[in-house]
Every structure is written in structure tokens, then in C-alpha cells.
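Sequence order for the protein chains is A and B.
The first sequence begins at 0 in numbering that gives the first Met the number 0 and counts up one residue at a time.
The second sequence begins at 0 in numbering that gives the first Met the number 0 and counts up one residue at a time.
Treat each hint with caution, since some may be false.
Identical chains blur together in the list; that is why a pair holds if it fits in one copy or across any two.
Cross-link-like lysine-lysine pairs, in silico, DSS-like; alpha carbons within 25 Å at most [what the hints assert, rightly or not]:
1) K310 - K264
2) K32 - K264
3) K1 - K107
4) K167 - K16
5) K16 - K310
6) K108 - K264
7) K295 - K264
8) K295 - K167
Read the hints as simulated data drawn from the structure, not as lab findings.
Number of protein chains: 2
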Amino acid sequence: MKLPALSDVRSAHDRIKPFVHRTPVMSSQQLNKIFDCELFFKCENFQKVGAFKFRGATNAVLSLPEKDRNNGVVTHSSGNHAAALSLAAGMNGVKAFIVMPETAPAVKKNAVAGYGAEITFCRPTLKSREDTTREIMEKTGATLIHPYDNFNVICGQGTAALELLQEKRDLDIVVAPIGGGGLMSGTATTVKGSSEKILVIGAEPLNANDAFISFTTGRLTPSVNPVTIADGLLTSLSELTFSVIRRNVDAIFTVSEESIISSMKLVWERMKIIIEPSSATVLAAVAENQAFFRGKKIGLILSGGNVDLRKLPF
Amino acid sequence: MKLPALSDVRSAHDRIKPFVHRTPVMSSQQLNKIFDCELFFKCENFQKVGAFKFRGATNAVLSLPEKDRNNGVVTHSSGNHAAALSLAAGMNGVKAFIVMPETAPAVKKNAVAGYGAEITFCRPTLKSREDTTREIMEKTGATLIHPYDNFNVICGQGTAALELLQEKRDLDIVVAPIGGGGLMSGTATTVKGSSEKILVIGAEPLNANDAFISFTTGRLTPSVNPVTIADGLLTSLSELTFSVIRRNVDAIFTVSEESIISSMKLVWERMKIIIEPSSATVLAAVAENQAFFRGKKIGLILSGGNVDLRKLPF
Numbered sequence: 000m001k002l003p004a005l006s007d008v009r010s011a012h013d014r015i016k017p018f019v020h021r022t023p024v025m026s027s028q029q030l031n032k033i034f035d036c037e038l039f040f041k042c043e044n045f046q047k048v049g050a051f052k053f054r055g056a057t058n059a060v061l062s063l064p065e066k067d068r069n070n071g072v073v074t075h076s077s078g079n080h081a082a083a084l085s086l087a088a089g090m091n092g093v094k095a096f097i098v099m100p101e102t103a104p105a106v107k108k109n110a111v112a113g114y115g116a117e118i119t120f121c122r123p124t125l126k127s128r129e130d131t132t133r134e135i136m137e138k139t140g141a142t143l144i145h146p147y148d149n150f151n152v153i154c155g156q157g158t159a160a161l162e163l164l165q166e167k168r169d170l171d172i173v174v175a176p177i178g179g180g181g182l183m184s185g186t187a188t189t190v191k192g193s194s195e196k197i198l199v200i201g202a203e204p205l206n207a208n209d210a211f212i213s214f215t216t217g218r219l220t221p222s223v224n225p226v227t228i229a230d231g232l233l234t235s236l237s238e239l240t241f242s243v244i245r246r247n248v249d250a251i252f253t254v255s256e257e258s259i260i261s262s263m264k265l266v267w268e269r270m271k272i273i274i275e276p277s278s279a280t281v282l283a284a285v286a287e288n289q290a291f292f293r294g295k296k297i298g299l300i301l302s303g304g305n306v307d308l309r310k311l312p313f
Numbered sequence: 000m001k002l003p004a005l006s007d008v009r010s011a012h013d014r015i016k017p018f019v020h021r022t023p024v025m026s027s028q029q030l031n032k033i034f035d036c037e038l039f040f041k042c043e044n045f046q047k048v049g050a051f052k053f054r055g056a057t058n059a060v061l062s063l064p065e066k067d068r069n070n071g072v073v074t075h076s077s078g079n080h081a082a083a084l085s086l087a088a089g090m091n092g093v094k095a096f097i098v099m100p101e102t103a104p105a106v107k108k109n110a111v112a113g114y115g116a117e118i119t120f121c122r123p124t125l126k127s128r129e130d131t132t133r134e135i136m137e138k139t140g141a142t143l144i145h146p147y148d149n150f151n152v153i154c155g156q157g158t159a160a161l162e163l164l165q166e167k168r169d170l171d172i173v174v175a176p177i178g179g180g181g182l183m184s185g186t187a188t189t190v191k192g193s194s195e196k197i198l199v200i201g202a203e204p205l206n207a208n209d210a211f212i213s214f215t216t217g218r219l220t221p222s223v224n225p226v227t228i229a230d231g232l233l234t235s236l237s238e239l240t241f242s243v244i245r246r247n248v249d250a251i252f253t254v255s256e257e258s259i260i261s262s263m264k265l266v267w268e269r270m271k272i273i274i275e276p277s278s279a280t281v282l283a284a285v286a287e288n289q290a291f292f293r294g295k296k297i298g299l300i301l302s303g304g305n306v307d308l309r310k311l312p313f
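All chains, full assembly: derive it from the sequences and hints.
Laid out in C-alpha cells, this is it:
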């Protein structure tokens with residue numbers, strides 16, 4: 000299994016730069032005071048489709064071999080990856096097939112359809128999703144772009160940390176959320192490739208702590224039906240992301256639902272930016288481990304800002 | 000009555016620059032597409048205390064004659080101006096006295112107290128507020144800093160537009176919200192002083208349309224108990240702000256409560272930034288007058304981002 004290197008992330012960055020937003024790095028004197036450290040937020044909530052996922056999807060589409068471009072790409076997802084892949088494909092003249100459970104919210108169906116992707120509905124079971132995806136691949140020859148178990152996707156996700164380090168060279172620690180591990184793998188590869196001295200920390204909901212358990216036991220152990228408000232982090236590590244994380248992540252901190260919600264509210268109120276619960280895990284990790292982070296310069300990757308404003312947890 | 004000039008705004012900017020945030024100018028391809036024009040948002044929601052008010056308050060404090068500094072400053076307000084004046088005074092070693100109705104929300108009392116100001120509570124009537132303020136002035140010799148009927152405050156507020164024009168020189172139109180007219184006066188002075196060719200438009204809630212009526216009839220006509228979700232725009236023009244606005248504003252567009260709310264939601268969802276209803280009036284003005292704005296380069300001043308997350312209108 001070939002693991003990504005910093006040079007792969009750099010190549011990805013050169014490839015996707017014309018298509019992605021270079022998102023700002025923001026800071027807040029109030030939050031620095033509250034936590035007695037210097038926080039630098041890489042704002043992927045301002046990325047296209049409102050999430051870092053657009054980086055990986057764009058790199059995957061741009062990395063397709065010429066012979067496969069005409070057959071399109073396919074994925075099963077009802078979340079940010081579906082929207083990201085649809086837009087990335089559309090911008091590059093590649094056809095996108097998205098498999099979605101028929102139960103997906105109308106707003107997500109409309110977003111994906113609006114980007115010009117072809118949606119195929121399936122029953123809301125893993126088997127139906129996988130069967131439907133396989134049928135599309137057989138019929139069309141489309142290339143499967145997995146949301147995180149994919150070398151090119153991981154390299155694309157790493158470009159957020161690459162830009163962060165370009166702007167803030169002297170960080171002590173970088174924290175990223177862990178779901179399936181794509182963002183974490185890309186981040187860890189980039190940070191450790193740039194400097195062994197910078198600590199890399201994963202932030203994971205206690206209620207979906209498969210990465211923490213896998214990391215601690217050394218055995219890949221998927222979550223079973225996890226429930227957390229951080230709905231972008233329900234997925235479990237793959238062999239590939241687990242391998243990258245074992246090698247390049249220094250520690251994984253689990254965070255409670257309460258501190259995810261209070262950290263999200265703190266960012267909304269003090270920084271006036273909208274972040275989704277998955278993003279809030281990184282600040283929650285700081286809030287729950289203040290002695291560890293005190294006095295340090297800390298880069299925090301905010302994964303995205305897609306929330307349903309009618310269902311806020313506060 | 001001496002009206003401010005561009006040179007006064009420039010001096011204010013030199014004075015306050017070390018103390019205020021230079022807020023970013025943001026744009027959104029999605030919103031540009033929806034409204035078929037180019038929108039440039041000057042993000043005073045990222046300003047200290049979450050609102051443009053900090054600019055004017057800082058300029059007023061820094062412009063105090065040396066002999067008056069030791070006696071402090073006083074104002075009656077329970078809103079952003081109170082917080083802004085408290086912080087601006089505190090940062091410059093000047094004592095701030097804030098008169099607040101005893102009915103003000105605890106969160107606002109705490110914010111002002113947290114900035115080190117001395118709060119005097121009064122009954123929630125205009126007479127009690129004015130009497131209490133006068134008593135403090137007589138007792139302490141503090142200088143009254145009115146939230147908008149004040150030359151230095153207006154010049155401070157104009158610095159937001161000054162920074163906007165420094166970054167975007169080729170705007171066709173600049174739109175700002177109108178409440179008491181401090182931000183509008185500063186904006187109009189700056190824009191017209193920089194270029195007669197740029198149109199200056201005020202955005203005002205239809206439900207608090209004193210500026211529209213005064214502007215149209217040529218006679219200063221205060222609102223009587225207006226009710227609008229844009230709670231920063233309940234105040235009426237003063238002689239000073241009316242004079243500036245008559246001279247430098249090209250038109251005032253009134254906007255409905257519905258379009259304020261839908262514009263606020265649109266900014267939250269698409270731009271992932273938190274703006275208060277008063278800020279949303281500027282986009283509402285574009286939304287309600289699309290033919291007027293089509294194809295133009297438009298600067299929009301977002302006044303602030305202080306909202307009660309437990310009482311959202313959507």
C-alpha cells in the first residue's frame with residue numbers, strides 16, 4: 000500500500016489551485032485569551048461547497064487517466080463529498096454519477112442536481128448503496144471516487160494544511176477532525192513532511208471514537224452505528240487512512256458532545272463565522288485539554304460550514 | 000454646523016488604525032450569480048465588539064482634548080455603541096460611564112461591565128436616560144459621546160468605506176444601512192469625497208423609514224416607536240446626519256422585514272458568516288431592486304454580527 004508523501008500533496012496543490020478557494024486563516028484575540036494560547040483557524044467553511052471535501056474531489060477528478068475521463072466518476076454519499084465531487088466533475092467537463100438513499104433530504108438532492116450530477120436513488124442500506132454503485136460502474140465504466148479511502152483524495156485534503164503552513168510557519172501543533180480519516184491523513188502527511196517537530200493531533204467525537212480505539216489498540220476497529228452531532232465524522236477509518244494516521248499522528252483526543260456544541264457556539268458568537276459541528280471538534284479538543292495546549296501556537300483545520308439553520312443545537 | 004469631509008475621515012483613520020481591525024472584504028460567486036452583479040462585502044461583523052461602532056467610538060475617545068480625558072466619557076445605550084465606547088475608552092485609559100435601562104439583557108450588562116465601564120441603571124424611559132446622563136456629566140465632567148450625532152463618531156464610521164475603497168477602487172455603487180445615520184454619513188462623506196461618480200445608496204427598513212421620509216420631503220421627520228427586526232436601525236436621523244445625508248446620498252431604498260430575513264439567511268448559508276439583521280438590509284436593497292443593480296460593482300457595508308443565537312428569525 001503506497002502512502003502519500005508531502006511531494007504528492009504539493010503536486011495536488013499545483014493541480015487544484017486554479018479551482019479551489021485559498022481560504023483565509025483567521026484568529027480571535029478573545030479565543031486566544033480564553034484558552035491562553037494562539038489559535039489559527041484554517042477556514043474550509045469558506046471553501047467551495049462549504050467544505051474541505053472539494054479539495055480532494057477536485058484532485059481526484061484532475062488525476063483521472065485520460066482514457067477514463069469520458070466515462071465519468073461515481074460515488075455513494077448524501078453529504079459534502081457528493082456535492083464536492085459533483086461540482087469538481089462539472090467544472091472539468093467530467094460526468095458525475097451520485098448514488099443517494101431515497102431518504103436523503105431534498106436540500107441535498109437539489110444541491111447535487113444543481114451541480115449537474117446524475118443522481119441514482121437506492122434504498123437506505125449499505126448493501127443497496129454498494130450494489131447500485133457497482134451497477135453504475137459496470138454500465139458506464141465510471142471510476143469510483145471514495146470519499147476518503149483514495150490516495151488522490153487524501154492528497155487533495157492535505158492542501159488545506161499546506162496553505163496553513165505557508166502562512167504560519169512556526170506552529171507548535173496542528174489539530175484536524177477525524178471521521179473516515181481523509182482530512183486527518185492529508186493533514187498529518189503534510190505537517191510531518193514539513194517538520195517532524197510540529198505535533199499532529201486528531202480530534203474525534205467520543206461517541207464515534209473508532210480512530211481513537213484503532214490508534215490505541217493498533218487494530219483497525221470500525222464504529223458500529225455511532226451517534227454524534229458531528230455528522231461528518233460518523234464514518235470509520237479505512238486501511239489506508241489508518242496506516243497514514245498510525246505513522247504520522249501523535250495523539251487522538253476524544254471530545255464530548257457537550258464540548259462540541261459549546262465550542263461551535265463560541266466560534267459563532269466570538270468569530271462570527273458559521274462552522275458545522277464536525278469543525279468544532281478541533282476547538283473542543285483544545286477546550287478539554289487546556290493544560291496541554293497552553294502557551295502554544297496551534298493550527299486548527301475547520302472542516303466546513305454546512306449546517307441546517309432550522310436545527311441548531313443551541 | 001460643520002460637516003465632515005474626506006480629509007477628516009482620513010485623519011480619523013490614521014488615528015484609529017492601531018486600535019481597530021482592518022476587516023476583510025469578502026465576495027461570493029454564488030451571490031454574484033444570484034443577483035447578476037459583483038458584490039463586495041466590507042465585513043464589520045469581524046470588527047472588535049462585533050460592529051462598526053468601535054471605529055467611531057475609538058475616534059471620539061482619541062479626539063478628546065487633553066483637559067477632558069481625565070474626566071472620562073459617558074453615553075446612554077444598551078447596544079453596540081455602549082460596548083464599543085467601553086472598550087475604546089478602556090484601551091486608552093479613559094474612564095467610561097454607561098447609562099443603561101435596568102431592563103437591559105444580562106448579556107449586554109455583562110459585556111459592558113467586562114470592558115471595565117461603570118454602569119448606571121435608569122428606568123427604561125428616554126427622560127430617565129437623559130436625566131441620569133446629565134447627572135453623571137455634572138458630577139464627573141465626563142464628555143457625552145452620542146452614538147451618531149457626533150462629528151468624530153461619524154468620521155470614525157467613515158473609515159470602513161475608506162478601507163473598502165482602498166481595496167476596490169472601481170466600484171459603481173456603495174450601499175450602507177441607515178439607522179441614526181452615523182455609518183451612512185461617514186460612508187457617504189468618504190465615497191463622494193473620493194469620487195463623485197460612485198452612487199451612494201442607503202438601505203433602511205420600511206418599518207423604520209424616517210430617513211426615507213426625511214430625505215424625500217426635505218424635512219427631518221423622526222420615527223415614532225418603529226418596530227423592525229433590524230434592531231440597530233430603530234433610531235432616527237439627527238440634524239447633523241440628515242445634513243450630511245441630504246448632501247451626499249443619492250437615494251434611500253426601503254426594504255421589507257421579509258427581505259431582511261431572507262437576505263440574512265442567504266448570507267449565513269452561502270457565505271458562512273454571521274451578520275445581524277441590520278447588516279442584511281444592504282443585500283435586501285439589492286434583492287428588491289435587481290434591475291437597478293444588475294451588472295454593477297457594488298460595495299456593501301455589513302454593520303455587524305451581534306445576534307442572539309437563541310432567537311433567530313429562521
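To see whether the hints hold, each was checked on the structure:
1. Taking the shortest alpha-carbon separations for K310 and K264, both the intra-copy value of 14 Å and the inter-copy value of 14 Å come in at or below 25 Å.
2. Proximity of K32 and K264 under a CA criterion of 25 Å is satisfied intra-copy only: 17 Å inside one chain copy versus 30 Å between copies.
3. For a Cα distance limit of 25 Å, the shortest separation of K1 from K107 qualifies neither inside one copy, at 34 Å, nor across copies, at 56 Å.
4. For the homomeric pair K167 and K16, the shortest alpha-carbon distances inside one copy (19 Å) and between copies (24 Å) are both at most 25 Å.
5. With identical chains, the CA atoms of K16 and K310 are never at most 25 Å apart, being 34 Å at best within one copy and 40 Å at best between copies.
6. With identical chains, the CA atoms of K108 and K264 are at most 25 Å apart between copies only, with a shortest distance of 20 Å across copies and 28 Å within one.
7. Only within a single protomer do K295 and K264 lie at most 25 Å apart by alpha-carbon distance; the minimum there is 23 Å, versus 36 Å between protomers.
8. Taking the closest pair of Cα atoms, K295 and K167 come within 25 Å of each other only inside a single copy of the chain (13 Å); across copies the shortest separation is 36 Å, beyond that limit.
The structure fails to meet hints 3 and 5 from the earlier list, while all remaining hints are met.
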